[in-house]
Amino acid sequence: MLKNAYEWLDKRLDITPMWRDIADHEVPEHVNPAHHFSAFIYCFGGLTFFIVVIQILSGMFLALYYVPDIQNAWKSVDYLQNEIAFGQIVRGMHHWGASVSIVMLFLHTLRVFFTGSYKHPREFNWVIGMSIFFVMLGLGFTGYLLPWDNKAYFATKVGIQIAASVPYVGGAIATFLQGGEIVGAQTLARFFALHVFFLPAVLLGLLGAHFVLIRRQGISGPL
Amino acid sequence: MSENKQAKPGMSRRKFLTYTIASTAGFLGSGMLFPMVRFAIDPLLQKGSDTKFVDIGTVSEFGSKPKAVEFRIQRKDGWYQEKGGEKATAWVLKEGSEILALSPICKHLGCTVKWEGGGRTNVFYCPCHGGEYTKDGVNVPGTPPPKPLDVYATKIEGGRLLLGAVKERG
Numbered sequence: 001m002l003k004n005a006y007e008w009l010d011k012r013l014d015i016t017p018m019w020r021d022i023a024d025h026e027v028p029e030h031v032n033p034a035h036h037f038s039a040f041i042y043c044f045g046g047l048t049f050f051i052v053v054i055q056i057l058s059g060m061f062l063a064l065y066y067v068p069d070i071q072n073a074w075k076s077v078d079y080l081q082n083e084i085a086f087g088q089i090v091r092g093m094h095h096w097g098a099s100v101s102i103v104m105l106f107l108h109t110l111r112v113f114f115t116g117s118y119k120h121p122r123e124f125n126w127v128i129g130m131s132i133f134f135v136m137l138g139l140g141f142t143g144y145l146l147p148w149d150n151k152a153y154f155a156t157k158v159g160i161q162i163a164a165s166v167p168y169v170g171g172a173i174a175t176f177l178q179g180g181e182i183v184g185a186q187t188l189a190r191f192f193a194l195h196v197f198f199l200p201a202v203l204l205g206l207l208g209a210h211f212v213l214i215r216r217q218g219i220s221g222p223l
Numbered sequence: 001m002s003e004n005k006q007a008k009p010g011m012s013r014r015k016f017l018t019y020t021i022a023s024t025a026g027f028l029g030s031g032m033l034f035p036m037v038r039f040a041i042d043p044l045l046q047k048g049s050d051t052k053f054v055d056i057g058t059v060s061e062f063g064s065k066p067k068a069v070e071f072r073i074q075r076k077d078g079w080y081q082e083k084g085g086e087k088a089t090a091w092v093l094k095e096g097s098e099i100l101a102l103s104p105i106c107k108h109l110g111c112t113v114k115w116e117g118g119g120r121t122n123v124f125y126c127p128c129h130g131g132e133y134t135k136d137g138v139n140v141p142g143t144p145p146p147k148p149l150d151v152y153a154t155k156i157e158g159g160r161l162l163l164g165a166v167k168e169r170g
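Heads up: the sequence lines are chains L and U, in that order. All residue numbers for the first sequence refer to UniProt numbering, where the first residue is 1 and numbers rise by one. All residue numbers for the second sequence refer to UniProt numbering, where the first residue is 1 and numbers rise by one.
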């Protein structure tokens, strides 16, 4: 049954070459932990992507209950965490995953740096990777406000204050982030939009470019 | 040796490894997905809230002509509870000595009906698709509603009328 369905699809869409291209792609010996255990340092990029997938999934599910409004945001988070089955788990995945993804991303960056993988001809992929890093920081910063508790509120006040200290354009950046005269209703609305629409869209685009480039150029050679 | 391998009964090494890896991946994947799916379908598995009887006035207020009564039900909608309760309406009338309290929600597709609405006389009228009901809430044949209007449970205590849960009629 399954096989027939797959063949029916494959005849029309020709999907076999797509996954075959990934499945048959050989992992070079120097990055394969099965050959040299120390090669596990090459796993951090993939692990970052894995955590990002968990973040996207758990975030989609949280959005079923969350409301980005100053009257209801905290109440909806309290409700989904304490009164919905597995609320604590799903919110926990998103909460801890946020930190883990930054840690994995940082370890991946260190590996690329210390193996010199950023050098020519991969310098552009390093730049894309750095952009991914800043988009992820942006996701962390905007997501932090959404529960609308004291920690969220003051962290955002501090963050915006820091942004305001940029020479010349600081004031404009702060106003753009804040959306109004105070950290309030408008800030929450735009942080929500940035967190679930704008930044994830940019992130997915950048990740696609990152992966296409690594396939085109191949992974850097052994040390 | 290689001919022997072919003749060996049971599973090939490749198949065994494929199954092992697939079931491990399936186990880990479902461990990840189960909490999220259960989280999403929670509303399906929650039981409805209880309805308490609400005092809506003295029985003598009501006659044979349907009268709209607005009252408030205490109900929590997720994290939200309206101050003073959410609004509800009943069309109350006396049929002989019986009190009839009709729900204004049309049995066609859930719009709100009104006594003698839209210029119709002696019927409940629903503006969405032109559904009509007679005074006792029975749907008029040839109009969209398939069933009579629901009724509120009624109770009379010391000359006062109390309304309870909404029930469907046969």
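Just so you know, these hints were derived from the structure itself, not from any lab. Take these hints with a grain of salt, some might be off.
What the hints assert, rightly or not - Derived lysine-lysine pairs resembling DSS-like cross-links, with alpha carbons at most 25 angstroms apart: (1) L:75 with U:87; (2) U:47 with L:75; (3) L:75 with U:76.
What the hints assert, rightly or not - Taking CB as the label site, the calculated pair distances span: (4) U:168 with L:175: 28 to 34 angstroms; (5) L:16 with U:20: 22 to 28 angstroms; (6) L:201 with U:12: 42 to 48 angstroms; (7) L:10 with U:20: 24 to 30 angstroms; (8) U:144 with L:23: 42 to 48 angstroms; (9) L:56 with U:27: 20 to 26 angstroms; (10) L:16 with U:44: 27 to 33 angstroms; (11) L:13 with U:34: 56 to 62 angstroms; (12) L:182 with U:129: 45 to 51 angstroms; (13) U:112 with L:88: 38 to 44 angstroms.
The beta carbon of each residue, even a glycine, is placed where N, CA and C say it ideally should be.
Going through the hints against the structure:
1. L:75 with U:87: 22 angstroms, holds
2. U:47 with L:75: 21 angstroms, holds
3. L:75 with U:76: It holds: about 12 angstroms lies between the C-alpha atoms, which stays within 25 angstroms.
4. U:168 with L:175: 28 to 34 angstroms: 56 angstroms, violated
5. L:16 with U:20: 22 to 28 angstroms: 24 angstroms, holds
6. L:201 with U:12: 42 to 48 angstroms: 45 angstroms, holds
7. L:10 with U:20: 24 to 30 angstroms: 26 angstroms, holds
8. U:144 with L:23: 42 to 48 angstroms: For residue 23 of chain L against residue 144 of chain U, whose Cβ atoms are near 56 angstroms apart, the range 42 to 48 angstroms is violated.
9. L:56 with U:27: 20 to 26 angstroms: 21 angstroms, holds
10. L:16 with U:44: 27 to 33 angstroms: The hinted range 27 to 33 angstroms is violated for residue 16 of chain L and residue 44 of chain U, with Cβ atoms some 38 angstroms apart.
11. L:13 with U:34: 56 to 62 angstroms: Check failed, 30 angstroms falls outside 56 to 62 angstroms.
12. L:182 with U:129: 45 to 51 angstroms: 48 angstroms, holds
13. U:112 with L:88: 38 to 44 angstroms: 39 angstroms, holds
Of the numbered hints stated above, those contradicted by the structure are hints 4, 8, 10, 11, listed in ascending order.
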